[in-house]
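J.: Listed below are the residues making up each chain.
Protein chains: 2
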Amino acid sequence: MPNITFQPSGKAVDAPSGTELLEATREAQIEIEAPCGGKGTCGKCIARIISGKVDSDSLGVLSPAAVSRGYVLACQTKILDEPVSVEISEQIGREGGQFIDETDDTCLVRCDLFPKEWQPTPLSSKIVLEVPQPQLADGHSDLDRLTRALHQKVEKKDIHYPLPIIPQIAETLRREGENGKVTVTLAETPGRFQVIRIEPGDRIARHFGLAVDIGTTTVAVQLVHLPSAAVLATQTAYNDQVECGLDVISRINYARKPQRLEELRQRVLKTVNHLVNQLCKGNEVDNKDIGGAVVAGNTTMIHLLLGLPPEYIRLEPYTPTILEIPPLTAGEIEIEIHPQAIVYISPAVGSYVGGDITAGLLCTGIARETADVGLFIDIGTNGEIVIGNREFLMTCACSAGPAFEGGGIEQGMRAAVGAIEKVHIHPQTGMPTYQTIGKVKPRGICGTGMISLIANLFQTGWLDPAGKLNRTKKTPAVRVNGRQAYYIIVSQEESGTGEPIMVSEIDIENVIRAKAAIYSAASLMMEQVGLKFGDLANIYIAGGFGRFLDIEKAVTIGLLPDLPREKYRYIGNSSLMGAYMVLVSRESRQRQMELARRMTYIELSTDPAYMNQYTGALFLPHTDINLFPSVYL
Amino acid sequence: MPNITFQPSGKAVDAPSGTELLEATREAQIEIEAPCGGKGTCGKCIARIISGKVDSDSLGVLSPAAVSRGYVLACQTKILDEPVSVEISEQIGREGGQFIDETDDTCLVRCDLFPKEWQPTPLSSKIVLEVPQPQLADGHSDLDRLTRALHQKVEKKDIHYPLPIIPQIAETLRREGENGKVTVTLAETPGRFQVIRIEPGDRIARHFGLAVDIGTTTVAVQLVHLPSAAVLATQTAYNDQVECGLDVISRINYARKPQRLEELRQRVLKTVNHLVNQLCKGNEVDNKDIGGAVVAGNTTMIHLLLGLPPEYIRLEPYTPTILEIPPLTAGEIEIEIHPQAIVYISPAVGSYVGGDITAGLLCTGIARETADVGLFIDIGTNGEIVIGNREFLMTCACSAGPAFEGGGIEQGMRAAVGAIEKVHIHPQTGMPTYQTIGKVKPRGICGTGMISLIANLFQTGWLDPAGKLNRTKKTPAVRVNGRQAYYIIVSQEESGTGEPIMVSEIDIENVIRAKAAIYSAASLMMEQVGLKFGDLANIYIAGGFGRFLDIEKAVTIGLLPDLPREKYRYIGNSSLMGAYMVLVSRESRQRQMELARRMTYIELSTDPAYMNQYTGALFLPHTDINLFPSVYL
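The listed protein sequences derive, respectively, from chains A and B. Its first residue numbered 10, the first sequence is counted upward by one per residue in the numbering used here. Its first residue numbered 10, the second sequence is counted upward by one per residue in the numbering used here.
Same shape as in the complex, but just chain A (with noise of 0.2 Å):
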């Protein structure tokens, strides 16, 4: 009797026990691709398991998260002695040997760029302890015998005790009697240890941190295994302060009242306190087992979270109030987590060079021991721009506005699943085919899809140099109305959406005044340091506008230089990479922090020169067409 279904197909076959459900797929003559072998390493032979139950070993390559909802790997699990009914289908996202789980966004993050050999030192970390039973008159409190018993385990600094911690010691002590065990969380703070949390027994597996970083279109939290430093999930959402302004001009405008400010602190809070909530739940992760977080955000983002009032980021002489910004408790800062757990907020260099900055330079080898002259050009609502070597580092910022994260475009959406990444158009027809994350149904455009559908129609000649699609030639795919044109990309039939989806002239203009802001800065820039784009030898590009930027296309439409391919690394969403090597290093932290300090800060928005290079740069690649020879090969 067929013991194995296969869904959606109903072929059913019957193998014994401990047969390999890969094998029993060929068996039952069903397609599953498994390049790797069936080592269990490439990730594509997902399965997903509807009833019954199977020995699978698939968690390292899919996510705790996707575990749990019966999914595994097909060549990592066996048939037990008992029926059970398995999912293989197109329908679950998955491509380029990668597991996509619509609930987790890990997808964004570029892993392999985290290192690979990782001795993990993480600025929160359990201790396991026997603190001994009291004795009669040794004169000992329980705090005196902890504090000593953990002096064994670590260096000989001051240990603080939070007052919320101190209620609890007695009973934990006490708890497992004589050689009972207690798991200390610990926390490295400027010339101090803090205590988080005291529970009894061990239970140092159960310790996990936060990377969080809070843009001022989107905010992403990745959830972190902390003693093995392994990233369980990571989760993006549309910062809740985008109803007060899409730029940070205007939320800062917004909060210049004090209970807006409030709202805004309170807006922030709820998006990431959403993500957190959500990956604890899909993760059957105890809030309280978070023990530290590292946030990494633009200068002003960090004042709103922390209900500063940004005010003065925005009048000249453009001054913060903080720039460094001492460990806080998420409890002060109300962030969902142990109340205890330390918040290590990345350091700013100036009102428009934030913490996401100094976190995403941690993932680039500008800085490090090279003569080499590298550029870090950061894309996301504020487009920032770092150059330098070993000897020195410059910093700008400009405005970019929140095109490439999906903002300010009518069907422009966030990097997630259901978002059109890739706009192919044909030459002659002027149609599209495209390419969505996840391989689901298109929901609507991502940033990269942008910077490839307006590529694509302007080498084909459906778009002019200003953004305008063309009128003379005909096509389906372009519909004028007045004076305005749309492209539609999706008809409503293909749409996840029951809407087609269609990109007007003002959504192209946006993006093109975003890359022209990125490109102008980044041009002044290097005419400031006397360098010429030709002298860099490695560009890093980080933002959040998708898994996988094409340089060539966005060379293309002038966001970057036209520079040799080699030289250029995306490194996507650097800010939350960064935050995560320093929740997961120490090393990192202090590195971060004598970054920031080395920084130099230009102001740009003082600067006459900006507006005409800014201007120049306001078509399709560039007014000056020398600049970029292989667009017009």
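Keep in mind that a hint or two might mislead.
Copies of the same chain look alike in the list, so a pair counts if it works inside one copy or between any two.
[Said to hold, decoys possible] The calculated lysine to aspartate or glutamate pairs, modelled on EDC-like cross-linking and capped at a C-alpha distance of 20 Å, are:
{"#": "1", "residue 1": "576", "residue 2": "378"}
{"#": "2", "residue 1": "431", "residue 2": "341"}
{"#": "3", "residue 1": "162", "residue 2": "139"}
{"#": "4", "residue 1": "297", "residue 2": "211"}
{"#": "5", "residue 1": "266", "residue 2": "180"}
{"#": "6", "residue 1": "166", "residue 2": "333"}
{"#": "7", "residue 1": "62", "residue 2": "208"}
{"#": "8", "residue 1": "20", "residue 2": "96"}
{"#": "9", "residue 1": "162", "residue 2": "211"}
{"#": "10", "residue 1": "165", "residue 2": "333"}
{"#": "11", "residue 1": "483", "residue 2": "503"}
{"#": "12", "residue 1": "483", "residue 2": "508"}
{"#": "13", "residue 1": "48", "residue 2": "32"}
{"#": "14", "residue 1": "576", "residue 2": "381"}
{"#": "15", "residue 1": "166", "residue 2": "153"}
{"#": "16", "residue 1": "62", "residue 2": "29"}
{"#": "17", "residue 1": "541", "residue 2": "271"}
{"#": "18", "residue 1": "87", "residue 2": "40"}
It should be emphasised that the hints constitute simulated quantities derived from the structure, not laboratory data.
Position chain B relative to chain A; hints supplied.
T.: Coordinates of chain B only, in the frame set by chain A:
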């Protein structure tokens, strides 16, 4: 036309503008003492301005609270060119050269013990700064500039800014414009300075601190002007926890349920905050201007204040959760002063020798650079004893009960205005004459009153060694009611409460038990260190039971050993005074921490000899009359 009218006499005189009020009283033939000759130092020529303006400078001798209610020193007050009505009355509590304000218990503190030449180095200090305005491109945040300015005035230690301070910095630094001043309140905590407050302008004079003594029965709070180290006023009240048990053991038992632990915490907070608010109101001090506090109390009281389960204090091996409490903020503890103010809690030695004793020890010469052995006895609801010199310090504790603080005595009261503090007995008639604090109508009897009464009844033969009133000799002062006899001190007509004030044999028994507990503990302690009472060079007696302790009477009842009287020194509420000393001097805090670590705690309750000693002491003065030769002279 007479321009000065004196009340209650109604006498009136005419005096030219500029006349001294003291001179005017003489002109009106009103007698008013001025033993210092009108130098404004003795504080005897007190008057109250009922209406009209005068030119007076009485602060320093009179408390600001008294001055604000119209009290002046007649010798320091000049008549102006307008009519004035002045009260010169015996009703103004005034005695022994000291003004006694009904709402101020400063009289209970032996101010003569405060150092005469004092260089205040308070734990919390205000610093006035000129912080330069921000400059374009200097790369400094507001906080950077503030820290830089601070480091020009204080040691280059880490300066910690708690989160609630940071949002105010931007506005405060800009409020007074170029060269504007800001005042920063700074406290020293281990390894760093902590910013408590930042205010625009020069606010250096408005800086106050609290010394707090939390006793099992009585709570005392003292308001101190920190820049001058001047005590503005002191107030005491019964600890509201008294409702939940009279001694620490019954409080610990009460606290077993978590909601009751919280109830006890709230009760003591209510008492402390009530006193704080009264002091602030009476002295026109804003609670937020109180930027630091020092709290002394026994180990159980401190556990309850902080919400720490006290259970294990009661159970062998008697281990408290914590002895040395890290500096906490007032907001954390919920004391209603500036929420960021640091509260320093006196370090404890053991479960039954707390921070009240390490504070009290600061007021003695024990442990100073001397080989002379000294004894320190703090008589409260618990009695604590310290013996030692520069080489050793031993300490023990016993449970005395609240009798000496007026607790467990039917008509007992705290040593406040209206308390009978001395009772003379006519040897023949058995009739009493008494004295009250503040020379007002009696409202009850305080600890020193009880000692005086019992000693005098005993010495005149109206009380036997077992504490029974003489029923054979007849006196209207002794009333027998069944098996109980009462001694009536105040008749209904003379009483300030409308009820006669009397003491029962049960009340007397409570005092005898209390004195027996203390004497026997001291006696056993001497045995344990291999010394005799006669080896002592100094004996310091502390306690909240009155302003002055008549050592003679205390020896008569057998509370204190029969030693040459000149070896004794009564130091009053030494816990409160020690807290004051720590509040105004960093060196005292340092010394207190060292003392706490040096002290060796002896557990009496496990020593079988204690019960023998105690039983022997349950007589007046003792079963072994050879121990008290002077009583039987």
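J.: When the structure is checked against the list of hints, which entries are broken? Sort them ascending.
T.: Hints 2, 7, 11, 12, 17 not satisfied by this model.
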